[in-house]
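*Asks:* Here are the chains, one letter per residue:
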Amino acid sequence: MSTTIEPESEKHALGQRMKRKEDPRFLQGRGRYLDDITLPGMLYLALVHSPYPHAKIVKIDKAAALAVDGVVAVLTGEDLAAHGLAWIPTFHGYDKQMVLCVGKALYQYQEVAGVIATSREAALDGAELVDVEYEPLDPVIDPFQAREDKTILRDDRENKTNHIYHWEVGKRAETDAALAAADVKINERVTFQRCHPAPLEPCGIVADMNGATGRLTLYLTSQAPHAHRTVVSLVTGIPEDKIHVVSPDIGGGFGNKVPVYPGYVVAAAASVVLGVPVKWVETRTENLTCTGFARDYHMDVEIGATKDGRVTALKVTTVADHGAFDTAADPTKYPAGLFGIVTGSYDFATAFTELDAYFTNKAPGGIAYRCSFRVTEASFAIERGMEMLARKLGLDPAELRLKNFVRKEQFPYPSPLGFVYDSGDYHTTLRKALDLIGYDDLRKEQAEKRARGELMGIGISTFTEAVGAGPSKHFDIMGIKMFDSAEIRVHPTGSAILRAGTKSQGQGHETTWAQIAAEELGLDPQNIIVEEGDTDTAPYGLGTYASRSTPTAGAAIAMASRKIRERARKIAAHLLEAAEDDVEWADYKFRVKGVPENAVTMQEVAFAAYTNPAPNTEPGLEATFYYDPPNLTFPYGAYVAVVDVDRETGFVKVRRFLAIDDCGTVINPMVVEGQIHGGLTEGFAIAFMQEIRYDESGNNLNTNFTEYLVPTSLETPRWETASTVTPSPHHPIGAKGVGESPNVGSPAAFVNAVMDALAPLGVTHLDMPLTREKVWRACREAATA
Amino acid sequence: MNLEYGGRERIDADRDTVWAFVNDPAKIAGCMPDVLESHVVDEHTFDAVVQVAVGPVRGKFKFHVVLVPQPGGEHMDLKISGGGFGSVVDLNAGADVSVQDGATVLDWKGVAAMRGPLAAVGGRVIDAQAKRVITTTFANVKTQLGATALDTA
Chain A
30 MSTTIEPESE
40 KHALGQRMKR
50 KEDPRFLQGR
60 GRYLDDITLP
70 GMLYLALVHS
80 PYPHAKIVKI
90 DKAAALAVDG
100 VVAVLTGEDL
110 AAHGLAWIPT
120 FHGYDKQMVL
130 CVGKALYQYQ
140 EVAGVIATSR
150 EAALDGAELV
160 DVEYEPLDPV
170 IDPFQAREDK
180 TILRDDRENK
190 TNHIYHWEVG
200 KRAETDAALA
210 AADVKINERV
220 TFQRCHPAPL
230 EPCGIVADMN
240 GATGRLTLYL
250 TSQAPHAHRT
260 VVSLVTGIPE
270 DKIHVVSPDI
280 GGGFGNKVPV
290 YPGYVVAAAA
300 SVVLGVPVKW
310 VETRTENLTC
320 TGFARDYHMD
330 VEIGATKDGR
340 VTALKVTTVA
350 DHGAFDTAAD
360 PTKYPAGLFG
370 IVTGSYDFAT
380 AFTELDAYFT
390 NKAPGGIAYR
400 CSFRVTEASF
410 AIERGMEMLA
420 RKLGLDPAEL
430 RLKNFVRKEQ
440 FPYPSPLGFV
450 YDSGDYHTTL
460 RKALDLIGYD
470 DLRKEQAEKR
480 ARGELMGIGI
490 STFTEAVGAG
500 PSKHFDIMGI
510 KMFDSAEIRV
520 HPTGSAILRA
530 GTKSQGQGHE
540 TTWAQIAAEE
550 LGLDPQNIIV
560 EEGDTDTAPY
570 GLGTYASRST
580 PTAGAAIAMA
590 SRKIRERARK
600 IAAHLLEAAE
610 DDVEWADYKF
620 RVKGVPENAV
630 TMQEVAFAAY
640 TNPAPNTEPG
650 LEATFYYDPP
660 NLTFPYGAYV
670 AVVDVDRETG
680 FVKVRRFLAI
690 DDCGTVINPM
700 VVEGQIHGGL
710 TEGFAIAFMQ
720 EIRYDESGNN
730 LNTNFTEYLV
740 PTSLETPRWE
750 TASTVTPSPH
760 HPIGAKGVGE
770 SPNVGSPAAF
780 VNAVMDALAP
790 LGVTHLDMPL
800 TREKVWRACR
810 EAATA
Chain B
8 MNLEYGGRER
18 IDADRDTVWA
28 FVNDPAKIAG
38 CMPDVLESHV
48 VDEHTFDAVV
58 QVAVGPVRGK
68 FKFHVVLVPQ
78 PGGEHMDLKI
88 SGGGFGSVVD
98 LNAGADVSVQ
108 DGATVLDWKG
118 VAAMRGPLAA
128 VGGRVIDAQA
138 KRVITTTFAN
148 VKTQLGATAL
158 DTA
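From first to last, the protein sequence lines are chains A and B.
According to our numbering, the first sequence is numbered sequentially starting from 30.
According to our numbering, the second sequence is numbered sequentially starting from 8.
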């Protein structure tokens, strides 16, 4: 039996809690994901992975694999080298990455060979029989060990060092002097562990080279289809018009589906050579072990302050572990992403931060996992630092924050590390959070519990993000400027099609994009169909990640709508028999100034655009807009976590979690709440469960969902959400972007709460994840100290 | 992941009999549990296909086993390398052979290095399986030699 879910019909939809237009097809199992695509004559790719984290490839024997019934071909790095595809450039262009191992394997599970067969099973059977002879080498797993350069991992590079780059921003000498003069200082190493986005749908491709047309169609789990098309063209030399990228429905991306992975390249190369479609869909283990990880930052945080709690200086020194290749998906000029947001919501007189990145024998990555390019690491560092400073000063952490926030009247606020924050009212947002959570009562309860020896903690995180890359004068990826785009065509009967350069992976663009256009054009959002992900039809854009879609494409939609409105005004004047200057757009209609009853709707104008166009005007009603934002946007929030810790078991119960987010103008509160619920659940998992660990031999110890835990509804706390609204002054509708805020802001709130609970035991810091064992050991060591 | 094992086995058979037994690849192969097939390559070497079931890692692993008797007949080294399904196991072991109280005693120790999915299963799970393999192997040796174990570490 099938059920039809009737959509709600709501006009003028900005700010409305409209149900997501895409959900009926997802709820009824009618989404079309990558693995749903099957083409005639399609072959399957399976990859062979290195069990060694560091080894010479002595010999690869394909014979046994080729003897498997159904196996068509076995490809190695040498085969790809013959076609100039042994290496591909990384996203920001500072490094290159092996597609299949050439000479050496540099991390465990690195792709060594690809087996093409007539079925997935035959490909896997063949992969098992590819006989690779390795000569194991000593691995380097620790970035601090890599820093010593005793073993050089990348002998393909001109510079014989494991050091990738040094990056710094701010005033070193001034900051050092201010720290030396500070009344009170904290200096603590804070590590943000290696974790993984782990989208429920892993990465995949169907590559289809059509010998008759000479076109290569790539069905791809891509967050950035146009960027991938351009990269494929640049790497292969295939003219861009001969490449068609289609990104179907995507089951979660979180930054994991931004980079180009070896499986994509091998499948595409195989399709070009064999002239038939080739599909590759990675396994869960391949996803966790090979594709882009996140974080792995080791940050030394120093904050100076006066005795009464005024912060004076911030210095953060970071060692970053990038794994075997520098495949971090950062804009070209920002090798450490937007880590300069590390001063957070606080008004530091001076600050300095520097970072050194190193190669290790671990999987490459450093992608922006639900994060605007290293903003999460920066937010965690400053929010942990402020918590530690509050404890050292003997101040309430809320009071310390209120004392040091950038004040409302300081916006636009130039930060000491080079950003200009667009808008904010941090005091109001935190005070609202404290009121809603009942902060004073919670502190009283905590005092009573501590008197009884019970461990209760309250953790605050008041983060500021920098999102929406970006202004093209600053931000590009491989030279492609980071603008975004929208194209809107209004049909004669007043419905419309809207195409954008972004690509939803669950964010709800089919709904929110329609709401923006509906608001601007006075149309019914249910009658605006949204298309993304097809490079043949969508205007060029840089895709969806880093909370950039609303700040860029959302703005482009508003601007394209306004272009249409300007054209429509001429038609409306024609219909109203009035001078164009006498026609105004008000209450979602064109009307004659001073005669409001003399009005026409956009639907009437649209019909006229095709049936009765104004004289000397172009028929039709459509517009395209490429939006280059003048600045980033700076969403922020105030999060409060309340926990009870069982010292006998190490179990942390998150009793309450309140998230107040300020993302500027809200397009759809229900979609925003959904984003926040999802991001908080990911933040919860990072804080308490998740880490990609390697043992001393370079074994990845978290290769599937029995070892890399994803919280279910049983573990997930109940989330309380609310908002304040401080519009961005430079965005056409005042929106800022929110998808990543909960993942950025929540880990520090959780950890601060647990450290607050453990404060009576003298515990000042534990690195994530705060597993039961880790918390229990900390309690036990404190008890025996 | 590296795991270290060791033990002491007392076998009620004379030293020459034990030494000849542990130098015979066919006999050693016959004592290992879960061997699906084995092939003696030369007088000190054999290949074996072993059914492995350690947590989620299940399937046929191929191993190459080399016996390395040291001159003098008092020490035997053993190297096992192989794997399957993306996992690799390298075991290097050595045994001192001596006579005590009329019995032959093997003092042995070994280090097993595991890589790939097998290493991610977890030390405690692997440890239990490894001890089962060791115990079964020596039990079979003793059965074939009509011997009795005194202790196993």
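In case anyone wonders, no lab produced these hints; they're calculated from the structure.
It cannot be assumed that every hint is accurate.
In silico lysine to any residue, SDA-like type, Cα no more than 25 angstroms apart, as pairs [claimed, not checked]: (1) A/Lys803 to B/Gly89; (2) B/Lys69 to A/Gly281; (3) A/Lys179 to B/Gly89; (4) B/Lys69 to A/Ala93; (5) B/Lys67 to A/Lys592; (6) B/Lys86 to A/Pro165; (7) B/Lys67 to A/Lys618; (8) B/Lys69 to A/Tyr442; (9) A/Lys85 to B/Gly89; (10) B/Lys86 to A/Asp90; (11) B/Lys67 to A/Thr312; (12) A/Lys592 to A/Thr630; (13) A/Lys88 to B/Gly14; (14) A/Lys85 to B/Met8; (15) A/Lys85 to B/Ala120.
Label-pair restraints from in silico Cβ distances [as the list claims (entries may be wrong)]: (16) A/Ala788 to B/Gly130: 54 to 64 angstroms; (17) A/Leu730 to B/Lys67: 48 to 58 angstroms; (18) A/Thr190 to B/Gly130: 26 to 36 angstroms; (19) B/Asp41 to A/Lys271: 21 to 31 angstroms; (20) A/Gly508 to B/Lys67: 44 to 54 angstroms; (21) B/His46 to A/Leu730: 17 to 27 angstroms; (22) B/Ala135 to A/Ala241: 53 to 63 angstroms; (23) B/Asp49 to A/Arg801: 49 to 59 angstroms; (24) A/Arg479 to B/Asp41: 21 to 31 angstroms; (25) A/Leu56 to B/Gly130: 37 to 47 angstroms; (26) B/Lys67 to A/Glu677: 23 to 33 angstroms.
Which residues of chain A face chain B? A partial, calculated answer using Cβ under 10 angstroms [stated by the list, open to error]: (27) Tyr81; (28) Gln137; (29) Leu166; (30) Gln555.
All C-beta atoms in this analysis are idealised placements derived from N, C-alpha and C, irrespective of residue type, glycine included.
*Asks:* Each of the hints needs a verdict: does it hold here or not?
*Replies:* Against the structure, the hints come out as follows:
1. A/Lys803 to B/Gly89: violated (36 angstroms)
2. B/Lys69 to A/Gly281: violated (38 angstroms)
3. A/Lys179 to B/Gly89: Not OK: A/Lys179 and B/Gly89 at ~30 angstroms, beyond 25 angstroms, violated.
4. B/Lys69 to A/Ala93: Since the Cα atoms of B/Lys69 and A/Ala93 sit roughly 14 angstroms apart, the hinted pair holds (cutoff 25 angstroms).
5. B/Lys67 to A/Lys592: violated (66 angstroms)
6. B/Lys86 to A/Pro165: Satisfied, since the Cα-Cα distance of roughly 16 angstroms is no more than 25 angstroms.
7. B/Lys67 to A/Lys618: violated (73 angstroms)
8. B/Lys69 to A/Tyr442: violated (65 angstroms)
9. A/Lys85 to B/Gly89: With Cα atoms ~17 angstroms apart, A/Lys85 and B/Gly89 stay inside 25 angstroms; holds.
10. B/Lys86 to A/Asp90: Roughly 23 angstroms separates the two Cα atoms, so the pair holds.
11. B/Lys67 to A/Thr312: Since the Cα atoms of B/Lys67 and A/Thr312 sit roughly 20 angstroms apart, the hinted pair holds (cutoff 25 angstroms).
12. A/Lys592 to A/Thr630: At roughly 16 angstroms apart (the allowed maximum being 25 angstroms), A/Thr630 and A/Lys592 satisfy the hint.
13. A/Lys88 to B/Gly14: It is violated: about 37 angstroms lies between the C-alpha atoms, which goes past 25 angstroms.
14. A/Lys85 to B/Met8: holds (20 angstroms)
15. A/Lys85 to B/Ala120: Answer holds: A/Lys85 to B/Ala120 is near 18 angstroms, not above 25 angstroms.
16. A/Ala788 to B/Gly130: 54 to 64 angstroms: For A/Ala788 and B/Gly130 the Cβ distance comes to about 34 angstroms; the hint is violated.
17. A/Leu730 to B/Lys67: 48 to 58 angstroms: violated (24 angstroms)
18. A/Thr190 to B/Gly130: 26 to 36 angstroms: holds (35 angstroms)
19. B/Asp41 to A/Lys271: 21 to 31 angstroms: violated (54 angstroms)
20. A/Gly508 to B/Lys67: 44 to 54 angstroms: Given a distance of about 50 angstroms, which is inside 44 to 54 angstroms, the answer is holds.
21. B/His46 to A/Leu730: 17 to 27 angstroms: violated (34 angstroms)
22. B/Ala135 to A/Ala241: 53 to 63 angstroms: holds (59 angstroms)
23. B/Asp49 to A/Arg801: 49 to 59 angstroms: holds (53 angstroms)
24. A/Arg479 to B/Asp41: 21 to 31 angstroms: violated (56 angstroms)
25. A/Leu56 to B/Gly130: 37 to 47 angstroms: holds (43 angstroms)
26. B/Lys67 to A/Glu677: 23 to 33 angstroms: The hinted range 23 to 33 angstroms is violated for B/Lys67 and A/Glu677, with Cβ atoms some 45 angstroms apart.
27. Tyr81: Holds: closest Cβ of chain B sits about 6 angstroms from A/Tyr81, inside 10 angstroms.
28. Gln137: With a closest approach of 7 angstroms, the A/Gln137 hint holds.
29. Leu166: violated (13 angstroms)
30. Gln555: violated (47 angstroms)
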